[in-house]
Amino acid sequence: MDQAWFEMEELRKKSIDSAVWVPLRWIGTIALTGSVGRLGFRQEFIDLAALAVPHAQATSAKSLSWEDVNLRSPHRGGTVNGQYVPADEFRDDQTQVSGVWPVLVQQGNGQTPPEWHLHQDLVITLGLKREGDIWVAIDEGYIEVARLRREQDRPILLEIRAEHFKDYLCARKMGLLVSSYHSREEITEDATHILWPTAPAYEEAGPNYLWEGWRREIHEGGMPFGSSFAAIRLGRADSSEEDIPTISSGDENITCETQAGHHSGRKLVRVEGRLWKKDWVSPSSQSQRVGGDDVSPSVSFLTDNKGTRETCDSLTGGGRWLWFKPGIIMCPASAGNGEGVLPLR
Numbered sequence: 002m003d004q005a006w007f008e009m010e011e012l013r014k015k016s017i018d019s020a021v022w023v024p025l026r027w028i029g030t031i032a033l034t035g036s037v038g039r040l041g042f043r044q045e046f047i048d049l050a051a052l053a054v055p056h057a058q059a060t061s062a063k064s065l066s067w068e069d070v071n072l073r074s075p076h077r078g079g080t081v082n083g084q085y086v087p088a089d090e091f092r093d094d095q096t097q098v099s100g101v102w103p104v105l106v107q108q109g110n111g112q113t114p115p116e117w118h119l120h121q122d123l124v125i126t127l128g129l130k131r132e133g134d135i136w137v138a139i140d141e142g143y144i145e146v147a148r149l150r151r152e153q154d155r156p157i158l159l160e161i162r163a164e165h166f167k168d169y170l171c172a173r174k175m176g177l178l179v180s181s182y183h184s185r186e187e188i189t190e191d192a193t194h195i196l197w198p199t200a201p202a203y204e205e206a207g208p209n210y211l212w213e214g215w216r217r218e219i220h221e222g223g224m225p226f227g228s229s230f231a232a233i234r235l236g237r238a239d240s241s242e243e244d245i246p247t248i249s250s251g252d253e254n255i256t257c258e259t260q261a262g263h264h265s266g267r268k269l270v271r272v273e274g275r276l277w278k279k280d281w282v283s284p285s286s287q288s289q290r291v292g293g294d295d296v297s298p299s300v301s302f303l304t305d306n307k308g309t310r311e312t313c314d315s316l317t318g319g320g321r322w323l324w325f326k327p328g329i330i331m332c333p334a335s336a337g338n339g340e341g342v343l344p345l346r
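For the sequence shown, the residue numbers in our numbering are 2 to 346.
Since the hints were derived computationally from the structure, they do not count as laboratory data. Where is the CB? At the ideal position from N, CA and C, for every residue including glycine. Zero decoy hints are in this set.
Derived pair list, reagent style SDA-like, types lysine to any residue, alpha-carbon separation capped at 20 Å: (1) K63 to S283; (2) K279 to S64; (3) K326 to L316; (4) K15 to P208; (5) K279 to E204.
Pair ranges (Cβ atoms, derived): (6) W67 to E164: 25 to 31 Å; (7) A261 to P55: 55 to 61 Å; (8) R131 to I31: 23 to 29 Å.
Please build the complete structure, drawing on both the sequences and the hints.
Set out below in structure tokens:
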């Protein structure tokens with residue numbers, strides 16, 4: 002791959018705040034070819050988590066590191082300093098930032114994969130109904146508002162429609178901190194086309210991201226080129242007759258075997274780009290769905306022979322002739338006269 006692929010310029014510039022769908026949690030391999038440590042191996046990986054934070058704490062929240070907000074943070078209630086902290090809450094003692102996880106992860110085990118839950122307050126407040134791995138707005142024509150994607154029965158991506166989510170954030174006076182890690186890696190025989198000024202690592206930083214580029218020589222299989230290894234095996238020369246034998250440093254029956262060597266295999270080059278990024282998703286200026294805010298009408302009417310246009314706000318309380326093309330609009334029965342037709346007044 003060329004140098005630009007590792008540098009991820011398009012991801013550095015991309016703003017989640019302007020996206021139609023906002024990722025709330027995402028982990029997985031986007032593209033994978035070849036075998037790890039072998040010639041031709043190529044992998045792209047993403048690790049993303051989101052935290053809803055009161056807008057008053059936005060400045061402090063943006064100072065949180067990727068280690069503070071990432072997928073390794075377990076979602077489980079517990080006691081901290083004698084005080085119970087619910088599973089959906091986030092607290093950072095250093096910055097005094099408190100927040101809410103919009104997606105909660107229920108850990109599985111070796112046999113059962115983890116399960117991701119869209120926060121119940123978000124689901125109930127927006128009037129969503131879960132159908133399989135999608136959530137639909139039952140009062141808005143069953144449009145898809147949130148969706149979960151899986152691979153091999155494991156959840157990898159949960160995203161939500163920005164229009165609805167920003168309405169919810171506005172009502173709660175919150176913003177969303179999205180913390181992500183993105184990596185692209187390839188193993189090749191020749192990396193002379195990678196022209197980063199320093200090796201093995203090169204670094205660039207922006208206002209909301211840190212990017213690193215790495216070129217490292219390895220043995221085929223993945224071990225650093227020229228590296229060595231050592232192994233130690235401890236055992237006993239006799240068979241102890243005790244049910245629970247003890248081992249001490251002065252025990253003459255303890256045996257120790259060591260083995261050392263050097264890794265071998267042809268020399269390859271691992272090229273890798275790493276990007277840590279923080280995005281801030283702002284709420285809507287008004288919350289029509291959740292907060293019941295009045296929204297200025299966008300439809301206007303001709304009210305005189307000079308072409309004056311007025312909205313329903315300015316027409317309230319008066320009588321005018323309106324010039325318009327009549328028509329019938331199908332709508333839910335609850336919004337009209339009970340027959341699914343919106344009456345014209």
